[in-house]
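A.B. asks: Protein chains in written order, with my numbering: chain D, 1 to 501; chain A, 1001 to 1496.
Note that these hints are calculated values from the structure, not bench results.
The beta-carbon is built from N, C-alpha and C at its ideal position, and this holds for glycine as well.
Please note: incorrect hints may appear among the correct ones.
Below, a sample of chain A positions facing chain D; criterion: calculated Cβ distance under 10 Å [what the hints assert, rightly or not]: (1) A1050; (2) R1190; (3) L1356; (4) G1370; (5) L1382; (6) A1412; (7) F1420.
Okay, the calculated bits of chain D under chain A, using three or more residues with CB under 8 Å as the criterion [unchecked claim]: (8) 8 to 15; (9) 37 to 43; (10) 80 to 94.
Computed far set for chain A versus chain D, every beta-carbon distance over 12 Å [as the list claims (entries may be wrong)]: (11) A1146; (12) A1164; (13) T1277; (14) A1315; (15) L1339; (16) G1346; (17) L1375.
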Amino acid sequence: MNAPLRRVGVVVMVLFGLLFANLNWVQGYKADEYRTSDYNGRVQVAKYDRKRGNIEAGGTALAVSKETDGELKYLRTYPGGAKYAHVLGYEPVNGAATGLERAENDFLAGTSDQLIVNRLRDMVTGDRTAGGNVLLTLSKQAQDVAYDQLRNNNRGVNKGAAVAIDPRTGAVQALVSIPSFDPTPLSSHNTNEAAAAYGKLEQDRDRPLRNRALGEVLPPGSTFKIVVAAAALENGIGKDTNISAGPSYTPPTSGESITNAVPSICPQSQVTLMKAVTDSCNTGFAKLGVQLGPDVIKEKARAFGFEQEDLTVGRLGEGGLAVEASRTGSMENPDGGADPAALAQSSIGQRDVRMTPLEGAMIAAAVANNGSQMRPYLVRQLLAPDRTTVYDTANPRELRRPVSGQVAADLRDMMVSVVQNGTGRNAQINGYTVGGKTGTADVAPGVPPHSWFIGFALDKDGNPVSAVCVLLENGGDGGSAEAARIAGQIMRAAIAEPGGR
Amino acid sequence: MTAAATPATSPATADERSGVRLARSRRNAELSLLLLAMAMVAAYGAMVEANVLDTITPTFWVPAAAITGVFLGIHLVIRFLAPFADPVLLPAVALLNGLGVGFLHRLDLAKAAPEDRADLATFAGTGGRQLAWTLVSVILAGGLLALMRDHRSISRYAYTLGLAGIILVMLPAVLPASISEINGAKLWVRIGSFSIQPGEFAKLALLVFFAYYLVRKREVLSLASHRFLGIDFPRGRDLGPVLVVWVISLLVLVFEKDLGTSLLYFGMFVATVYIATERVSWLLIGLVLFFGGAYLAYVLGRSVGGPFANFYLRADIWLDPFAKPYDEGYQLVQGLLALGSGGLFGAGPGAGQPLLLPEVQNDFIFAGIGEEIGLFGLSALLVIYLLIVERGLRAALAVRDSFGKLLAGGLAFTLALQVFVIVGGISKLIPLTGQTTPFLSAGGSSLMANWLLIAVLLRVSDAGRRPVTGTGGKVNRPAGGPPEQLHGAPTEVIKP
């Protein structure tokens, strides 16, 4: 019986060899994958061992980690509340973080390469490296005003967004989306509670989790006329040149006619470009668009930032919150030739033209800043865990130059005229020169149109101090006047407290 | 022949040397190895405290000392009752058992609130209970050594044990689920808060019966045969008992919803038949029957469901555990993540997160330990298991009677198979089935049964290594006289 016993011994060796080989596979080859797996709770526990850095704006902490007695040592809370929710995002125990919590995670968590010196030092001293602090450009006052005014708009609209940026630097002064949410319950260590809070928000039909300022693309309505006007100015039409207008315009090959918002707007056959912008003359811009052609308009829109798919707002140069691409849509027939009907409607910001509120603010900012569009950013500075060392200070830079200084000056004059004499009077600010453009975008018959306002404020010396875009979804008739009023309030706050840069 | 012959070439000296080798009981080696193992257990306890409590308490050595006392007791029993027993078995088993208790104590520490940790009593919680079970198990093992002075004596009870084994196997299957089912497997008998796993004992009883039955039938089973494709196949009527065991295994699979136990019984039986008959055909028949049965259960589970559904589910989880990482696949996924997080060197004793693992004190203890000691540590544990198994097989080789060979060989292989089934299960080598990890998992039944198994191996190895004419621990060799003729000499040359 000894021979089979020996063979059984060999079988046992083989079985154990298989176990050993498989353990090598699991603990060696697959180890990294398993260690960092989304299902691996150890990642979370290790993460919460270290104090996550603050997110602050204007010296006020908006996101802080508090020490607890639980297994997870630090609890993330958001004193900034719903007002800052869409900028900061939240850091849940289970699942993915959002907002800047996600974009700046490495620095906040202390695992960034930039903090390696701190980590090495702590290895010697035995401390646990805390995360670094992220300082934002936001103006607390502007953010407060934007949030409060949006929520208390006189149209009773509950969905909307507002963005304010410093035209000279691109620093974001305010970024608000309503309805908003309180991020603190979402980061609760009680994962059931967090999941319940999240589930409720996700079920909400108004989609409070959505960052409308960067992620909502809606037809921009008449605000798009600034882009068309810029194209016209570069194609031999001056601000005082007469363009063809009229009470109604039916583009060739189209059954639908384009009219003006009220009959009193540009009923005459000829108006100046200036007047057409000031009164928001639909027929004039529809004809202008057909005259310029799809390529010119699309090219100008692209020069202002339309079609950019990889724009992010966060730290300058890398990462941040993703921005949905604004689109001009198709203005051609299937055969490639211009489709006058589509072109006419697109020229007044309808049809397939789509714009984010941020893009609206960036258009206004480029006009205000002599044609130079600065790259928008939210992170002003990265501060070491001990708050002594500054790791990164934003260095503003130009993103693109959509129009020349001369064209920008003409556009500014026209937009100032809108606020002084036209549809945007509500945005006026004492002692400052405010320019802007309203927009009312039809959605569907019977559905209230979206209301827009894009604009800027110049100080006495003509230096731009703020550019904004306000969107009230389904704001209805007169909604754009309310949007203009809110925009004025936000810019006033941004003037009082410019925020960081 | 002159007296001037050089000692080196003297046949007398050679015989004497061989006699000395056989006569040495190696009990002191066992004691040294045991103390070394216990020092490792104490070191493990200290590292756990350093990582969990951030300090080593002055009493860190108490659990290790307590368990050392228990093992010193069984060492003394062996010294007197089985002086020639294999000296490696006890230290190897003691190391596993000690680390198991240490790890369970470490789980208690992790479960306790931070402020209570330092005062956690050594004998409280799962770790304390396991320590108590160790004491009971070791006393049982010592008792068995004392009662069974010759392993052949248990063959007298072979049929009784066989019947008892079958009853123990079938008991959970026929009892209502409220008494016998835990976590989907009907393997238990629960009386109040007390629960035992009769299957653990059944495997010992059945193996005694198999060994006895096969020793009597081996002639028939190995000689009468049909030749087919160059392999000798047994006669149809001799297949009877094999088929009976196969059917019982499948019934266990279906009614106790447990692939592991079924695989264990059947593998145990096929291995003993093979050892007894030396016929490869039995292995082939066994493998074909088992895999055929398992495949059939899988197909039936998918199409019919019912009693086969559980098996199908487990096979499905095995194929892709990450398909349902929070539901059915949760255990296996978490086990893999724990092993992966441990990596090559592990987080260090006490520095892992074993509480994230479901069933970490039972089925997944190997994964829980693996997170903290890494691939290197687990490989060492596997080597310890391999050492125990190979020592058991060596005892089977050394012992002279067929019953002893079959018994020791079967027990050693059963232990190996059980380690394979559970470690392979948690590391996704084979479908996961609930088996205890011998000597590590929390639970009295498994610990007692495995210590009884070790007691039998110790007894058989004692018989194998004992000089034939020796009595007790001494070898009577008249000084100056010619050395005794020792039959035991290299046992390998003895034909079965």
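A.B. asks: Any of the earlier hints contradicted here, and which numbers?
C.D. replies: 1, 2, 10, 13, 15, 16, 17
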